[in-house]
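There are 2 protein chains.
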Amino acid sequence: MHIEVLRLSHRLPRDERISTHVALVARAFGASRILYTGQHDAGFELSVSRICDNWGGKTASGSGFSVSYEKSAVSVIRARKKEGFRVVHLTMYGLPVQDVAPSLKACEKLLIIVGSAQVPGEIYALSDYNVSVTSQPHSEVAALAIILDRLMEGRELSGLDFGGKISIIPSERGKKMKTP
Amino acid sequence: MHIEVLRLSHRLPRDERISTHVALVARAFGASRILYTGQHDAGFELSVSRICDNWGGKTASGSGFSVSYEKSAVSVIRARKKEGFRVVHLTMYGLPVQDVAPSLKACEKLLIIVGSAQVPGEIYALSDYNVSVTSQPHSEVAALAIILDRLMEGRELSGLDFGGKISIIPSERGKKMKTP
Numbered sequence: 010m011h012i013e014v015l016r017l018s019h020r021l022p023r024d025e026r027i028s029t030h031v032a033l034v035a036r037a038f039g040a041s042r043i044l045y046t047g048q049h050d051a052g053f054e055l056s057v058s059r060i061c062d063n064w065g066g067k068t069a070s071g072s073g074f075s076v077s078y079e080k081s082a083v084s085v086i087r088a089r090k091k092e093g094f095r096v097v098h099l100t101m102y103g104l105p106v107q108d109v110a111p112s113l114k115a116c117e118k119l120l121i122i123v124g125s126a127q128v129p130g131e132i133y134a135l136s137d138y139n140v141s142v143t144s145q146p147h148s149e150v151a152a153l154a155i156i157l158d159r160l161m162e163g164r165e166l167s168g169l170d171f172g173g174k175i176s177i178i179p180s181e182r183g184k185k186m187k188t189p
Numbered sequence: 010m011h012i013e014v015l016r017l018s019h020r021l022p023r024d025e026r027i028s029t030h031v032a033l034v035a036r037a038f039g040a041s042r043i044l045y046t047g048q049h050d051a052g053f054e055l056s057v058s059r060i061c062d063n064w065g066g067k068t069a070s071g072s073g074f075s076v077s078y079e080k081s082a083v084s085v086i087r088a089r090k091k092e093g094f095r096v097v098h099l100t101m102y103g104l105p106v107q108d109v110a111p112s113l114k115a116c117e118k119l120l121i122i123v124g125s126a127q128v129p130g131e132i133y134a135l136s137d138y139n140v141s142v143t144s145q146p147h148s149e150v151a152a153l154a155i156i157l158d159r160l161m162e163g164r165e166l167s168g169l170d171f172g173g174k175i176s177i178i179p180s181e182r183g184k185k186m187k188t189p
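As given, the protein sequences belong to chains A and B, one line each in that order.
The first sequence runs 10 to 189 under our numbering.
The second sequence runs 10 to 189 under our numbering.
The hints are simulated quantities; they were obtained by calculation from the structure and are not laboratory data.
Be a bit skeptical, because a hint or two may be false.
Where chains are identical, the list cannot tell them apart; a pair therefore holds if satisfied intra-copy or between any two copies.
What the hints assert, rightly or not - Cross-link-like lysine-lysine pairs, in silico, DSS-like; alpha carbons within 30 Å at most: (1) Lys185 - Lys114; (2) Lys118 - Lys184; (3) Lys91 - Lys184; (4) Lys118 - Lys91; (5) Lys184 - Lys80; (6) Lys90 - Lys184; (7) Lys90 - Lys185; (8) Lys185 - Lys118; (9) Lys80 - Lys67.
All chains should be built: construct the whole structure from the sequences, respecting the hints.
See the structure below:
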């Protein structure tokens, strides 16, 4: 399965850290790409690229994990739909993730939309699935992690192969790493 | 199971949003309490209280979901240990969550520690379990969501009963809510 994540309406400085967490979760939990709209942010892109340089950016779909800025969310959604992507919008108002997951697992290509404060109604309408994680207010970072975990069926926890220069050797105490 | 979450070294303004996401994930995914050290932050406490006022704060352990400031993480850990809590520290250097989860599920009371940038070695030493979610750099918000999801065995996704004034009616499109 090829998964891309679209982060809506990135705002500076407010979203700097949250958007970075969204991007790193996308990478660590098996997505191939993060796209974002809102304010262009070279610092955000650099943070993500640095993680890929050190920890690896290899993805299941073969291309390296990438981050890119897009002017229009609607254009991205329309273009991806033409390429056969199914579109998932994470919103606390949507259908429970555990009910929708079986249908999503059957898709070859998914675009997962992660909103910010106010998401325009058009995004709800254009999405094939509006999906909720708990129907409670919490965090887009957590919602993305949970849906990707369900789609990957927990395989991401055993460590995907990112081909990085650095990796961790799990240990009971302290910090053990493989470095070049 | 009674679960409390300890957020370390909250810094203003840097951690305002991330700590709020940590607290809301703790609540939505079944923990009973969030404690935090670092800088005292009345705004953070108010944000969490407001969510509980509207969306409910009922917890499995009977008490309402609460947020409280603590001066010393080490004192909290020592006190909880005396009360029979087992202590879990989330760190990307730890043992894989999927390997540790069966032992954790057997515990009655857990304190889950969510770090910030630099966690002192003492926390690794005092913790009963240093636990990792993917062994990759990503987000403490995502790591907390995944470990709570594993401990709750996905029950949190079907909607815990928070006894709130407001709740969501899941829907395919748009926003449907129950309000008083």
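Structure-based check of each hint:
1. For the homomeric pair Lys185 and Lys114, the shortest alpha-carbon distance between copies (26 Å) is at most 30 Å, but the shortest distance inside one copy (35 Å) is not.
2. Within a single copy, Lys118 and Lys184 get their C-alpha atoms only as close as 37 Å, which misses the 30 Å cut-off; across copies the closest is 26 Å, which meets it.
3. Taking identical chains as interchangeable, the C-alpha atoms of Lys91 and Lys184 lie at most 30 Å apart only when they sit on different chains, with a minimum of 27 Å there against 46 Å within one chain.
4. For a Cα distance limit of 30 Å, the shortest separation of Lys118 from Lys91 inside one copy, 11 Å, qualifies, whereas the shortest one across copies, 51 Å, does not.
5. In this assembly of identical chains, Lys184 and Lys80 lie within 30 Å of each other by CA distance solely across copies; the values are 26 Å between and 41 Å within a copy.
6. In this homomeric assembly, Lys90 and Lys184 come within 30 Å of each other (Cα to Cα) only across copies, at 24 Å, whereas the closest approach inside a single copy is 44 Å.
7. In this assembly of identical chains, the alpha carbons of Lys90 and Lys185 lie at most 30 Å apart only when taken from different copies (27 Å versus 43 Å within one copy).
8. Only between protomers do Lys185 and Lys118 lie at most 30 Å apart by alpha-carbon distance; the minimum there is 29 Å, versus 36 Å within a single protomer.
9. For the homomeric pair Lys80 and Lys67, the shortest alpha-carbon distance inside one copy (26 Å) is at most 30 Å, but the shortest distance between copies (42 Å) is not.
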